[in-house]
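Peer 1: Letter by letter, the chains look like this.
Number of protein chains: 4
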Amino acid sequence: MEKMKSVYFAAKDKIEVREVNIPEVRPGMVKIKTAYAALCATDVHMVTMGVLGAQPGIPLGHEASGVITELGEGTGDYGYRIGDKVVVAPVAVCGKCPMCKKGLPQYCLQAAPVAAFSEYIVTDISAVYKIPADADLKKYSLVEPSVCTIRAMDLAGIKHGQTVAVSGIGGIGSILLNMVLLAGGARITAIDPVPEKRRLALDMGAEYALDPFHDDLEKRSMEITEGNGFDHVFEVSGSPKAANVCLDLVAHCGKVTYFAVFPPAYEMPLNLYKLYMKEASIQTVFTSHYLFPRAINLIPRVQTEKIIGKVIPLAQALDAFALFQESRYPKILLEC
Amino acid sequence: MEKMKSVYFAAKDKIEVREVNIPEVRPGMVKIKTAYAALCATDVHMVTMGVLGAQPGIPLGHEASGVITELGEGTGDYGYRIGDKVVVAPVAVCGKCPMCKKGLPQYCLQAAPVAAFSEYIVTDISAVYKIPADADLKKYSLVEPSVCTIRAMDLAGIKHGQTVAVSGIGGIGSILLNMVLLAGGARITAIDPVPEKRRLALDMGAEYALDPFHDDLEKRSMEITEGNGFDHVFEVSGSPKAANVCLDLVAHCGKVTYFAVFPPAYEMPLNLYKLYMKEASIQTVFTSHYLFPRAINLIPRVQTEKIIGKVIPLAQALDAFALFQESRYPKILLEC
Amino acid sequence: MEKMKSVYFAAKDKIEVREVNIPEVRPGMVKIKTAYAALCATDVHMVTMGVLGAQPGIPLGHEASGVITELGEGTGDYGYRIGDKVVVAPVAVCGKCPMCKKGLPQYCLQAAPVAAFSEYIVTDISAVYKIPADADLKKYSLVEPSVCTIRAMDLAGIKHGQTVAVSGIGGIGSILLNMVLLAGGARITAIDPVPEKRRLALDMGAEYALDPFHDDLEKRSMEITEGNGFDHVFEVSGSPKAANVCLDLVAHCGKVTYFAVFPPAYEMPLNLYKLYMKEASIQTVFTSHYLFPRAINLIPRVQTEKIIGKVIPLAQALDAFALFQESRYPKILLEC
Amino acid sequence: MEKMKSVYFAAKDKIEVREVNIPEVRPGMVKIKTAYAALCATDVHMVTMGVLGAQPGIPLGHEASGVITELGEGTGDYGYRIGDKVVVAPVAVCGKCPMCKKGLPQYCLQAAPVAAFSEYIVTDISAVYKIPADADLKKYSLVEPSVCTIRAMDLAGIKHGQTVAVSGIGGIGSILLNMVLLAGGARITAIDPVPEKRRLALDMGAEYALDPFHDDLEKRSMEITEGNGFDHVFEVSGSPKAANVCLDLVAHCGKVTYFAVFPPAYEMPLNLYKLYMKEASIQTVFTSHYLFPRAINLIPRVQTEKIIGKVIPLAQALDAFALFQESRYPKILLEC
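As they're listed, the protein sequences go chains A, B, C and D.
The working numbering puts the first residue of the first sequence at 635, with every later residue one more than the last.
The working numbering puts the first residue of the second sequence at 635, with every later residue one more than the last.
The working numbering puts the first residue of the third sequence at 635, with every later residue one more than the last.
The working numbering puts the first residue of the fourth sequence at 635, with every later residue one more than the last.
Simulated from the structure, these hints should not be mistaken for lab results.
Even for Gly, the Cβ is constructed at its ideal location relative to N, Cα and C.
Wrong hints could be hidden among the right ones.
[Stated by the list, open to error] Listed below are several chain C residues computed to face chain A (Cβ distance under 10 Å; list not exhaustive):
1. Met683
2. Tyr741
3. Asn862
4. Lys889
5. Phe893
6. Pro898
7. Met902
8. Pro903
9. Asn905
10. Lys908
11. Met911
12. Ser915
13. Gln917
14. Tyr924
15. Glu960
16. Arg962
[What the hints assert, rightly or not] List time: in silico DSS-like cross-link candidates among lysine-lysine, alpha-carbon distance up to 27 Å:
17. A:Lys793 <-> B:Lys912
18. B:Lys736 <-> A:Lys773
19. B:Lys940 <-> C:Lys944
20. D:Lys772 <-> A:Lys793
21. B:Lys793 <-> B:Lys908
22. A:Lys944 <-> A:Lys719
23. C:Lys908 <-> A:Lys648
24. C:Lys646 <-> A:Lys912
25. C:Lys912 <-> A:Lys875
26. D:Lys736 <-> C:Lys772
27. D:Lys648 <-> D:Lys944
28. A:Lys912 <-> C:Lys793
Start from the sequences and build out the full structure, keeping to the hints where you can.
Peer 2: Rendered as structure tokens:
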């Protein structure tokens, strides 16, 4: 049986690049030569904190682009051909369980992860989305995180001219900032302790950039918004220290979107009376499969040239993970 | 091979009860002993006007309840057992085509109709929804039209205390009226030329009932709404004569929902300036598969005892169709 | 100068019925002979906890109906006449400050409270809403709390067939339950430790009623919703003990609406990771002036005969407040 | 009494620059030295077609910026000072009539037009909005048309990655295109017969530009959208010839927004069956006063340097109107 390299969650705080069998292309499945797969904080948090119920022994990776190299039986009716450029969803879904039938395939009870940090991805055709024939496979490897941030936009519902702050301009934060810029937000303000990230935010189009370690966030936010607070605040850093202040920055009838995956043990003290006095709301964001076609449409408007910081060969995945944790680059890709 | 009765679209304006083979239960499919299947205006319009692209030679029926009698290979993972009471969607969907992947399975490119006017329904498990073990199968045969009217509610977005008129209190109109009553509508006004239907509407909970042949609809509507017009007007009769007046009855920032399937050749003259002066909008309604679970939840609050007018054996389907066209009964069921 | 009785916030935990001058009817104002004014938990919490920034020395009351007895200069253009039955908003608003100009008059910077627990209300015409000439003034005294609960409906956005739980069936909780019943909710479940209130909820139309002191709320909720949790949970009791469990009862993509005014010092521990895993959201509810016309439209569909528990003369307001705190009656009116 | 120049609707198809008394600054009012006032198609259509019920004898103009020169009695509480830079709404509203009380001041029954094509604007403070002290008064003269196009965005509800076409890239069309670019639209396609306008659209950021006189709009639209049609089509030209084709370009579950003011006598034939098969909807757009603060926030992101084509002194208003009708420049300002 043919072998390939694939990155595994080996044990708590430990990943490995393994040589494994390329899975068989069963009916309904396709085989994809992976081009690029992007690292996501969730990959790291699965390994360090067990988020999303991750257990050692599973392969990792869920943001990838590639090219179809084999079509399984019964996949001919859906418009795919060998050689098509594609991206994948994090999981293949069944379409038949109660969650899928409710329109919530992101919670599919039979979900099968795609294992994107691999030379080949073999998955059900339900997880595969065609991209343009002339697509830059690097650029389109960011479709999946774009999906998640578009989900945030759908749930947050920014209206033109509403003021917006984004806390945390990392890999996903910079993509989310891109979506906010495309959402008609005003006085867009980035919050990040790292100077490079504040610079990146301003360079992408944010109007203000604040340093949470040295700026008085509440005072500056009120100055920027003429005493109103921000209509929308997005917390993308996932740092408990950054969580609570968002509630002080939000305007009357505003919304705080906690986009990040916070540590499972963290409990944020929430003053319901203060929230009530402002009639504010809190939103969290998981994802939705239905957004892939819209994210693919929008990729040309994502500033990927600023967001993709580094491309590293799959074989050096351990280095890539180490580099990721330095959080110097917004997004790191594995070349598979 | 085992045979069963099934109602077919035989030729323009002509249906037949045929004796046909019971389809084979292929992998992924289930076999259902149909209990009740409801007649819908769309069944008739397929035969008389070819709506939804219907061509002679196809079996009819898309609103049904029943009991699972056989589970095909590979259906064991989704929580269904032999003996389960279920309802069906009008079509089984693939979950893999571009429309399904966008979250629009109602426009699935591989849709397979269920053929509900049959003693048995054999269909993909994606089209099957479980209902409570103690469910009244007659009552739950109205799940599918409830889905369509709930779709209308989702798209119309009635808010508590908004005023609402419903034009056409037939089978689907009475179910839509039920949904409007459950939507917080105010001064709910039914419009129908048939006295029995106006009585039904009042009996179900409408506050006013107008006769379009003898009442001055615009004058009466303005009286009922203190000169504002209705925030929502639903046209459910499908009669071109009833279409245009809805635009005169609607309030500033109001919405006219053309729910009915109008004759394909009919073109309504639309004065865009008048619509603009009121900032009004027009909505049409198809359906959405994802609403089945919500419709099943809601069936106990649907006044089916008033809406189901007649139950007729499947073998007498031709009589049922004839009776349907007299439009004396809101809903007619075939006992299969 | 003519005198009238009026209920005042005298000191912490202390109200008084005072004999005060009837305010002068200045230009733009109208004078109303108050008919009925309803007690609200907020009146009590202003006196006991200083909510809404209340300070001793102010008159109380914000839910009232009455009849216009005098029209100030310059009020002739707006369609009001002496003898008109009306209800009032909690405050008159200016229409000119930045909050009003944003469409948020509920946060008007020049708001002037109406002081509804008085024999006469003298207020700006902006706070006055006409009701039908044949209106029952008792029934319509509940327009203002209906406004608040309709605001909750607008913000929560219940969809037909979504499952709903309401925690706390007091005065405002019973009105909110009424609105949920009118919102297409399914498997509507009331939660209250007081047997009379659970009975009231079932009598009004709830399907289930749970006792938080004796039922296992999470277990029962999962049974009622087939393991999904409720799509919407409304917390209306304002009891810190009831706050956190709501987060365990809510479904994937569901919403917890904290409607009640919680004690200003209370901080609820919020696990953001658990909220994220369900993509759930949290909403609070203040109010909106624009909803008065819709609430007036809807009053005929509010079960006021079940909700109004007691009518007590204004002179006995202290007894009424004492009775209120026994929380035996959903709503208590002062006959003014 | 002091005099000023002001542009009047003199007779059908005829405007005049008149020398008139500067109105008295009554209580609640402010006096503004007009800086710039922009021409709008509605000004022209009032004179040529009587839209919005316009009758000869009224002063014109409703898009303007300026500086406060006098504050009337009773305006001190709202935060305005002499010397403040401001913009105005098209009309002052009363805040007390039934439409204002519903939150629809755009339909105020006591609305008083601002007469912006004048050296001075004297109006109620309710019509005045502060802009930043360092604001470019030319740029901010486009706040009012930004409000209208933002209203279109609110009503249309473009979601990130949805495909969008805009028909008609004139003064308001170019501003609307700007808003679409800020709305996360994808494959944004401009449609205009004038080459300069197509160039402008591409220059502003549109991806495609089609010529309705030479391109096959339906064919090209399907190519651009891979056979789906556009999720949103905006008709901004107001030309009856451009109206109907929009319905053919729109996708399943899409929306056609007729933004333009069409000739009052024009009736568009609307095939309800075809609309139903796509579950499409139609929206019109009036305006909303509450959007001024959001439009002011957003002006820095409006490409006014490309949209403002010409600035002409107020005294030459007739030339400006003549030039406007050549439709060579997207927006023409009067320097007042």
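Peer 1: All hints are to be evaluated individually against the structure, with a verdict given for each.
Peer 2: Going down the list of hints, with the structure as the test:
1. Met683: OK, holds: C:Met683 within 10 Å of chain A, min 9 Å.
2. Tyr741: 5 Å, holds
3. Asn862: 8 Å, holds
4. Lys889: This hint holds: C:Lys889 lies near chain A, its Cβ roughly 9 Å from the closest one there, short of 10 Å.
5. Phe893: At about 9 Å, which falls below the 10 Å cut-off, the nearest Cβ of chain A leaves the hint on C:Phe893 intact, so it holds.
6. Pro898: 4 Å, holds
7. Met902: 5 Å, holds
8. Pro903: 4 Å, holds
9. Asn905: 5 Å, holds
10. Lys908: It holds, given that the least Cβ distance between C:Lys908 and chain A is near 8 Å, below 10 Å.
11. Met911: 7 Å, holds
12. Ser915: 5 Å, holds
13. Gln917: Since chain A brings a Cβ to about 5 Å from C:Gln917, closer than 10 Å, the hint holds.
14. Tyr924: 13 Å, violated
15. Glu960: 24 Å, violated
16. Arg962: 26 Å, violated
17. A:Lys793 <-> B:Lys912: 23 Å, holds
18. B:Lys736 <-> A:Lys773: 21 Å, holds
19. B:Lys940 <-> C:Lys944: Violated, at about 37 Å.
20. D:Lys772 <-> A:Lys793: 25 Å, holds
21. B:Lys793 <-> B:Lys908: Satisfied, since the Cα-Cα distance of roughly 24 Å is no more than 27 Å.
22. A:Lys944 <-> A:Lys719: 22 Å, holds
23. C:Lys908 <-> A:Lys648: 25 Å, holds
24. C:Lys646 <-> A:Lys912: OK: C:Lys646 and A:Lys912 at ~25 Å, within 27 Å.
25. C:Lys912 <-> A:Lys875: 23 Å, holds
26. D:Lys736 <-> C:Lys772: With Cα atoms ~23 Å apart, D:Lys736 and C:Lys772 stay inside 27 Å; holds.
27. D:Lys648 <-> D:Lys944: 22 Å, holds
28. A:Lys912 <-> C:Lys793: 25 Å, holds
When held up to the earlier numbered hints, the structure conflicts with 14, 15, 16 and 19 and fits the remainder.
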